[in-house]
Each structure stands twice: as C-alpha cells, then as structure tokens.
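S.K.: Each chain, letter by letter, is given below.
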Amino acid sequence: MAEYRLTAPLKEEDAAKLRIGDKVLLSGVIYTARDAAHKRIVESLDKNEKPPMDLKGSVIYYVGPTPPREGKVIGAAGPTTAMRMDAYAPRLMQEGMKGMIAKGKRNDAVKKAMVDCKAVYFGATGGAGALINRCITKAEVIAYEDLGPEAIRKLEVVDFPLIVVGDCAGGDLYIEGRKKWEKK
Amino acid sequence: MRTLNAAQITEAIAKTASEKAYHIPEEILRGFDQAMKNEKSETGIDVIKQLKENAAIAAKGEVPYCQDTGTAVLFVEVGQDVRIEGNLEDAINEGVRKAYVGSFLRKSIYKDPLRRVNTGDNTPAVIHYSIVPGDKVRIVFGAKGGGSENMSKLIMLKPSDGIEGVKNFVIDTVSQGGANACPPLVVGVGIGGNFEKCAILAKKAALRSIEERNADPFYAELEEEFKTKCNNLGIGPMGLGGTVTVLAVNIEVYSCHLVALPVAVNINCHAARHGEIVL
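Protein chains in written order, with our numbering: chain A, 1 to 184; chain B, 1 to 279.
Any given hint could turn out to be false.
Computed list of lysine to any residue pairs in SDA-like fashion (alpha-carbon distance at most 25 Å, straight line) [claimed, not checked]: (1) B:K107 with A:K17; (2) B:K167 with B:T243; (3) B:K107 with A:E145; (4) A:K17 with A:D172; (5) B:K60 with A:A143; (6) B:K60 with A:D159; (7) A:K50 with A:R84.
Stretches of chain A that chain B covers, calculated by requiring three or more beta carbons in the stretch to come under 8 Å of a beta carbon on chain B [stated by the list, open to error]: (8) 58-66; (9) 69-82; (10) 92-106; (11) 161-168; (12) 172-180.
FYI, nobody ran anything at the bench for these hints, they're computed from the structure. Backbone N, C-alpha and C fix where the C-beta goes; we use that ideal spot for every residue, glycine too.
Work the whole structure out from these sequences, hints included.
M.R.: Dropping the structure here:
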C-alpha cells in the first residue's frame, strides 16, 4: 500500500499506477456530478454535443453538498453512494474520465471499463462532510444550475484524503478488504 | 387539562434538528472511541480517525457533520391530558423548515416520489403519533440519512423459520448492503407486529441509543449475538475491510399473529443523529 500526492486532471500514468489500498492526497481541479447531471452529460454526448467540462483526465466527485454559509465556498461535502452512477460511468471513462470519487461498491460494467480505459475509483470517507469541506478551496457552478445541490460544480481541492478502492488491474477493495477480515 | 402552545413545539424541533446536524450524539462518539480499540485493520482505523476529526470540525457549528442532513423522522407521543393550541402537524413541519432553511442544511425531500421536484425546505417530515397517559409531549427526533435507508429491508418469515430465520435475514441484509450504508452502522431490527408495525419498530430501534440494550434479557443477548455476527462479516469501516462493521444492533419487538413472523432491518449510518424533546 503506497502513499501518493497527485494532481487532477490525472495523467494516464498516475491513474494506471494506483492499486487498491493506496492512500492518495489529491489536489487540483475536480468536478461534481450526481445522477441527474450524469444523465444530462451522457445525453449531450449522445447528441454529439460538447459536455460542460473537458473530460480528458477528469476526476468526477459524486457529491451533493449542503449550502455554504455566507463567505464560505461550500458546505458539508462528503461522497454519495456510487452505484446510482454505474449506468453512466463507463461512457464517461470512454470519453477520457480518469477518476471517480465516491463511496460504495461498483457493478461489473464499471469495473471492466476501469480496466479497459485505465481509470481509477477513489473512496472518500462517507459522512465526513465537514472534514472534506476543509479540502475544498474554491467551488463554482459551471452547468445545470437548475439541479440545485446536484448542479455540476468545478472544485479546487487541496490534499483531499482518498483511498484507492478500485484500480485498472481489476482490484476491488470492497471485495479484497472484506475477504481479509471475514471470520467464517 | 394542560395547555401547550404549538409554537413551543416548533421552537423545540427547530433547535433539536439544527443542533443534531452539527453535533452527533455523545454516545456515538464513545462508540468511535471503542471502535478505535476494537478495529484491527489499518485502513479501518484511518477511517474512524477521520470520523472523529469530522465530528470535532462539525461541532464548531459551521459545517454539518454529513452533507445528507436526512429525512426528519419524528415519533410524537402526546399525553392524553395535554391540549395543543394550534395545528400540531403544521407546527412540527414548521420546526423542520426553520432548521433546514435557517441552519444551512441540505433539502433532500421530493414532493412526489415519481415526479421528483424538491420541496425546498425538507418538509414534510415523516411523523408517527401515539397517544400516551400523562400531560407531556415527548418527541424522538431523527435525521435519517438516505443512503443507509436504501439498504434496509423487510421480510414476512414463516413461524417455522424461527430464530435462525431471523438471524439469517438480519446478517444477510447487513452483509449485502452494509458496505454502501456508511459503516460503522447502527442496525435497527424490528421483530413481530404486522407488516407496517414491524417497519416502525425497526426505525425506533435504529434511532435508539447504542448504549441501551433491550430490557428483555432474551433480546439483549440476541442484540449482542447479532452484533458479533455482523462484525465477523469483515466489512469494516466504510466497507474497506475490518473488524468493526456495526456499533450496535438494537432490537424492538411486538406481539404478532400466530401465522406470522415479520422482521425488518432499518440500517442507520455512523451519522446516527437523534434527540429527545419533552415538553
């Protein structure tokens, strides 16, 4: 289990070298999107329209934050459950997305796409909304404002603490981690 | 007959609901301390450390503990010797509205399950009323997270399935959904009653203190046994592998029909926000 400091957007070699259990402190620019925003991104790709952000090397964070207090950039901002985005994630990986940040298990199609497209799935600590808030230095709604907490935001993050839970070698920490500690 | 103004209920709920979003119960924090001692996985210990740090940051009152500030669930026990001046249900929802709008909490409630438009103020709350002796109003408030709620289940077992059937259903439900529900979990189990009563029992159990065991030693023992079995699953903090999957399994029971053995499992995440109000 290695420890890395990485910058987003991710380089192909950065995403490819990561393995489950690795600890990563991520800085740079990431984008937020949940179910409704994913649906719209895929619809625009299907119509050959440009998506609202450059997907090449992009890292997408599945989060619906609480509203910011006055003078603050964002509220509590912990990850949401990833499986609701499973229907859309493979398509985004084919378009160049290199990283996903969320929590919870993924389906086989997502795991296969991670291998095929050399992408990585980072786990953030679910429920740690206040802690993660401190890593976000800038937030700006860049698309789908009508979706409220589910609008696409461009975030600047510094040392966002993550654990690699899915890698491009097909590793899945939700399976391997449990296997190690299960008492029959 | 004692008179209670509905506005007092609004104020009390607004205060409790906004407080709980920032301050998770002390008993959960003690549960984290215990988990630090019991967790064997390094990754698991890292996660619990983050949860403790998260709780300390949230307690400063600027950022809620979790971005899913939940569905407001209230168990309202109205004493039969108290008369409420004003509309009780409106007063409860007004309290929820004040907290969620005024304290920068997330509004997560859709007006209609299929036509999905946000109500904008996190109302309506889910309210369970009961009439009890006395002249007080007692309210148990819970802010219930949606991710863990989605991992909950109910089954109508056959009486012949017996205690083994109950055990298997509870452990299977945690085994299948636990990793996605933000462990370490508080597992609420309802046994008995009928279809709807059973689900309400499980919710009551999920909002009970993790330090309080069932008053019946038979069920208290079962709670401990289920807890050990859940922790043996290896799911661990955040599902990344480890020895602490649940902080507690709480069981609530009720009498049931001779042909029935309903069981409900309501999973609560580590943000097990609940509080009690007595007016």
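S.K.: Given the hint that K107 of chain B pairs with K17 of chain A, test it: the Cα-Cα distance must not exceed 25 Å.
M.R.: violated (39 Å)
S.K.: How about the stretch 172-180 of chain A: do at least three of its residues have a C-beta closer than 8 Å to a C-beta of chain B?
M.R.: holds (count 7)
S.K.: CA of K107 of chain B to CA of E145 of chain A, is that 25 Å or under?
M.R.: Between K107 of chain B and E145 of chain A the Cα gap is close to 16 Å, so the pair holds against 25 Å.
S.K.: Residue count check for the stretch 58-66 of chain A against chain B: does it reach three with CB-CB under 8 Å?
M.R.: holds (count 4)
S.K.: Under the criterion that the straight-line Cα-Cα distance not exceed 25 Å, is the pair K50 of chain A, R84 of chain A satisfied?
M.R.: Distance of about 23 Å is within 25 Å: holds.
S.K.: How about the stretch 161-168 of chain A: do at least three of its residues have a C-beta closer than 8 Å to a C-beta of chain B?
M.R.: holds (count 3)
S.K.: For the stretch 69-82 of chain A, does the count of residues with a C-beta closer than 8 Å to a C-beta of chain B reach 3?
M.R.: holds (count 8)
S.K.: The stretch 92-106 of chain A covered by chain B? Criterion: 3 or more residues, Cβ-Cβ distance below 8 Å.
M.R.: Three-residue rule met by the stretch 92-106 of chain A, so holds; n is 3.
S.K.: Is K167 of chain B close enough to T243 of chain B, meaning Cα to Cα at most 25 Å?
M.R.: Within the cut-off at roughly 19 Å; holds.
S.K.: CA of K60 of chain B to CA of D159 of chain A, is that 25 Å or under?
M.R.: Holds, at about 22 Å.
S.K.: Can you confirm whether the C-alpha distance between K17 of chain A and D172 of chain A stays at or below 25 Å?
M.R.: holds (15 Å)
S.K.: Does K60 of chain B pair with A143 of chain A here, judged by a C-alpha cut-off of 25 Å?
M.R.: It is violated: about 32 Å lies between the C-alpha atoms, which goes past 25 Å.
Violation of the numbered hints given earlier is confined to hints 1 and 5; the remaining hints are satisfied by the structure.
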